[in-house]
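Go ahead and model the full structure; you've got the sequences and the hints to work with.
Counting along the sequence shown from 1, when you hit position 150 you're at 150 in our numbering, and nothing is skipped either side.
Since the hints were derived computationally from the structure, they do not count as laboratory data.
The reader is advised that the hints may include incorrect statements.
Claimed, not checked - Distance condition first, Cα-Cα at most 16 Å in a straight line; then the derived EDC-like pairs of lysine to aspartate or glutamate:
| no. | residue 1 | residue 2 |
| --- | --- | --- |
| 1 | Lys485 | Asp346 |
| 2 | Lys536 | Asp416 |
| 3 | Lys256 | Asp243 |
| 4 | Lys191 | Asp230 |
| 5 | Lys607 | Asp416 |
| 6 | Lys161 | Glu116 |
| 7 | Lys161 | Asp998 |
| 8 | Lys76 | Glu357 |
| 9 | Lys302 | Asp264 |
| 10 | Lys376 | Asp346 |
| 11 | Lys212 | Glu194 |
| 12 | Lys485 | Asp324 |
| 13 | Lys198 | Asp243 |
| 14 | Lys212 | Asp237 |
| 15 | Lys427 | Glu344 |
| 16 | Lys145 | Asp125 |
| 17 | Lys536 | Glu503 |
| 18 | Lys376 | Glu344 |
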Amino acid sequence: MKKFRKVLDGLTTSSPGATVSSPSCGSAAGTPTAAPTPKEIDVQETLVSENFQLCKTVRHGFPYQPTALAFDPVQKILAIGSRSGGVRILGRPGVDCYCQHESGAAVLQLQFLINEGALVSACADDTLHLWNLRQRRPAILHSLKFNRERITFCHLPFQSKWLYVGTERGNTHIVNIESFILSGYVIMWNKAIELSTKTHPGPVVHLSDSPKDEGKLLIGFESGTIVQWDLRGKKADFRIYYDEAIHSVSWHHEGKQFMCSHSDGSLTLWNLRNTTKPFQVTFPHGKIQKDGRKESCKPILKVEYKTCRNSEPFVIFSGGLSYDKAGRRPALTIMHGKAITVLEMDYPIVEFMVLCETPYNNEVQEPYAVVVLLEKDLIVVDLTQSNYPVFENPYPMDIHESPVTCTAYFADCPPDIIPILYSIGAKHKKTGYSQKEWPISGGTWTLGSHTYPEIIITGHADGSIKFWDASAITLQMLYKMKTSKVFEKPKPGEGRAAELVEEDPFAIQMVSWCPQSRIFCVVGISAHIILYRFSKYDANTQIVSLEVRLQCDSEDVISPSENENNPSFSETGSHSPQPHHHHQHQHPASPGSRTPEGIKDSIPCLKVKDRAVRVPPGYQSELVIQLLWVDGEPPQQITSLDINSAYGLLAFGNCNGLAVVDYLQKTVILCMSTLDLYGSTDPYQRLTRSPRRNRQSTSEFCMRGLSNFYSDSKKRIRTSYQSLTELTDNQQSIDMERSKSPTSESRENSFTRSRSSSVSSIDRDTKEAVTTLQFGESYGRKNDVLPTPCLWVGTSLGVVLLIPMSIPTDQEERMEEPVTMGVSGALLMLKGSVLRFSFLDCMGALIQTPYEVWRDHNAPEDPDRPRRRKLVHFSPSSSQDACGDGHLAVVCSERQAKVFLMPSQSCLFVHNITESSFVLRADVVSVCNSVCLACFCANGHVMTLSLPSLRPLMDVNYLPLTDMRIARTFYFTNGGQALYLSSPTEIQRITYSQEMCDNLQEMLGELFTPIETPEAQNRGFLKGFFGGNAHTFDREELFGEAAAGKASRSLAQHIPGQGGVEGMKVAASGAVGELARARIALDERGQRLGELEERTALMMTSAEAFSKHAHELMLKCKDKKWYQF
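Structure, rendered in structure tokens:
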């Protein structure tokens, strides 16, 4: 615990570089403040660096660019590999684990060691990895890197410790899973095929052991050659040369026949009695044409041949559709007897896997479901019902249903909000799912003790908003709403929206939500804002529309004050929005107008529905605010927003200025350019310039800026840190920085932020943008005695303005009397664009913003209890008596953070956060019963600073390369948590709290649970005795070092894993009880096996004794005559 005492007898600072008389610490026009009355501030700071540690908690969503699939039929867990080297392991809801190969190489194939708690991954860099799943955070135990050959296919027989690895050269190698060492036993391609064959058979595309005899290995080569290799005899039993390329092979469980899928869309069935030609050739989707020839079909990429006890076998395959049907969607075909069912998919099929009752390949398979991995979805089909319904997916795999364009994260929400949102969202759920339990049900997960209500909100490109329950590190969709329903549908090829934002006119840029009052506000890309109120009742509503003209005709260029050649003067009148007064329309009056030349003027981008509409329970739109076109120029995108339910006000700004709307009276009460807000206190000298050049390109940019962010087909945004900062590297001073005029390219390649301005260190428009806004109780002027409602305004030039407001307190007066705003309040300065405001009392506790308690506007009226607004205020002076009046204001910009004492506006503390980069996101958050300032920089650093002293507590280089997507979606919240969009389809949650890192093991699910392997079916005494070659096959004898020798050292290199001892320690700490139970179960099983072994040994001993006695008797009696007996 550290105690800070500051005597305010002047300006003090925690930054060694700053001086007492620095203008940047002062107020007004850059002059130092007069010394305030000496006053003691006594803040006990409890946070220390030991309270912080950064680690990933959980990843939600669909694995981006999936490549491989595996399933453990005993543990019932599923693994998905991706192109970026990620592996997601899924079990029952709550069991969701993400692992990452350090190399980042694509995962080619995954193979579970069934019921062993381990997984083998084969990657595109020709490395095999063994993952230990018996710990909550899986780790690599061994790796094996092939140096001379490329891995193409792997196969691990059930209950075997020898992995078969096929390569591009056509060779088959064998790896010991326990030691991860290559066996000396190799099946060379030239031995597998006949010597007379003149061509190479191609890469190995299939490996499997015969269900009838484990000593026989079926090898499929790409060219169409199939070889059954006798592992004991080291020779080929038979060779098949087929003239169509092979994609996959699947055995009948009896081991007498197998099926192949080919590149011409055919399936061939082969009988082992006669391998000279296929027993059957079918083209499932190839119809015979009029000329007698078959339609040409696409390749069948995979086939599975599964038998049933009481019905015909299933043949399930992907691909094989005829080429001539253009526009047909990818399909999975299920052939069951004579019935053929084609299941059309929304996305291309990456891989599929049939789930069967038994893990043994020589038993009747009894398939019950098919897992289908698509490019952008995961579905499971129920095979036990004739209409093949899909199971309802319990994982949030549809986050990316429409591309995510912004996020918000709220920890410690009011406890009643989640059940209410869930009950309303449940009414709109889809139906028609299978009634059976979700089949991927492995692992264990329990609700941890450190849980509290959390909500994540995602905004999407199609204008939809999704609310997710994120409590206890899970994610479940609560409620979905579509903001596009407020507007008329734009007719194709017509209208303002079609010209500029052809694909996503409703895309969400930012959201603002007050969980207490349940007021929700969204900002869209078409320069529109929609205000929603929550109601449990449906209603008929007329949407009120306000239209605001917020546009400057002349550009404001900052003149360096030291340059005497340029005359500097200030014309405040020329910078205000033209005309001065705002335009406000309530529909159905249509404001649209065009000048004779066809230049658009006073037209919004979208048309609001002008009729009464029926709205269901949930969030209901109350007010739409739209910015208007001005003289052929489209409205600039909105860069900042704040809403306060206690005041009934909504403020927003862009690079032209600021507007404040009274949403209770539905009026615009302020609409001014940024320059006019200064009044006589403008800290800069400015020049006017001729009207903007290159109008078309700027208008197109401003309307299309967001689509650059989520569309891969659009021009790539610069993502490397060097390019992000190249425009700000060699700047002499902050004054020179502000005096520069940016190039047009910096605007094109903007690195825009999700919440604040599109004007940042590398994207400075010539205008001064409003980058952040915050309502709150504060002191608008230095001589104020009592706090009043204020609006804090931060700009892209590092200027902070305070606008005091007068709001009627009586409910009737509030609905009739106007709210007045006194411009030209206090003025403070920082380096870089202002990002965040927050307020602390003089004891260092966070002051919450006032809010209105939620009430349902559509609830039936009660005459005895008239509805009144119930407001909750947090006055800065009420929380402490010792300090008297006043509060602390925390202001964070792209470059530095400052703490001011109000009302004196003295700068108590300053900390330069970064010199070489810039802050993208900053939030004041509560951690460990205290508060800190959390920052995320463009160079990937995550930092925390103590409050109010701004001591650095943590600085971690977390994300070396920060791209546009992460910059827009990074969001800090209370409890030491944060999130960002790690890929276009996945949300990554992280924690920076040591306490949560310590409790993470308890919160995560267990992937492995001790389950006894199901016993093999009784094969009958005679069958086991006479035909039991499969069970007497000893791989150790063949592949072990004693028999096969050592493999060449240059062929593959063994790499020990990092997750050995540490992983075991982690697993032990989190699962002592489970391991103890597992050990007992294994001991019992071992005891039974030991007893069986002893009985067998006794039988063998007695058999040997009997044989010995019989032999002795035979020798004794051999020479005796018959009559001597």
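So, going through the hints one by one against the coordinates:
Between Lys485 and Asp346 the CA atoms are separated by roughly 25 Å; this puts the pair beyond 16 Å, and the hint is violated. A distance of roughly 13 Å separates the Cα atoms of Lys536 and Asp416; the hinted pair therefore holds under the 16 Å criterion. Simply put, Lys256 and Asp243 have alpha-carbon atoms about 22 Å apart, too far for the 16 Å limit, and the pair is violated. Between the alpha carbons of Lys191 and Asp230 the distance comes to roughly 12 Å, so the proposed pair stays at or under 16 Å and holds.
At most 16 Å may separate the alpha-carbon atoms for a hinted pair to count; Lys607 and Asp416 exceed this at roughly 36 Å. Under the criterion of a C-alpha separation no larger than 16 Å, the hint pairing Lys161 with Glu116 is consistent with the structure, at around 11 Å. Pair hint Lys161 plus Asp998 does not hold up; C-alpha atoms about 36 Å apart against a cutoff of 16 Å. For a cut-off of 16 Å, the pair hint linking Lys76 to Glu357 stands: about 11 Å separates their Cα positions.
Between Lys302 and Asp264 the alpha-carbon distance is near 13 Å, which keeps this suggested pair within the 16 Å criterion. A threshold of 16 Å between alpha carbons decides the hint, and for Lys376 with Asp346 the separation of about 9 Å falls inside it, so the pair holds. Taking the CA atoms of Lys212 and Glu194, the gap is about 25 Å. The hint is violated against a cut of 16 Å. Distance check on the hinted pair: Lys485 and Asp324 sit about 39 Å apart at the alpha-carbon level, beyond 16 Å; violated.
Restraint check: the Cα-Cα separation between Lys198 and Asp243 comes to about 15 Å, which is no more than 16 Å; the hinted pair holds. Under the criterion of a C-alpha separation no larger than 16 Å, the hint pairing Lys212 with Asp237 is consistent with the structure, at around 14 Å. Simply put, Lys427 and Glu344 have alpha-carbon atoms about 27 Å apart, too far for the 16 Å limit, and the pair is violated. The hinted pair formed by Lys145 and Asp125 meets the criterion: a straight-line CA distance of about 8 Å does not exceed 16 Å.
At most 16 Å may separate the alpha-carbon atoms for a hinted pair to count; Lys536 and Glu503 exceed this at roughly 33 Å. A threshold of 16 Å between alpha carbons decides the hint, and for Lys376 with Glu344 the separation of about 14 Å falls inside it, so the pair holds.
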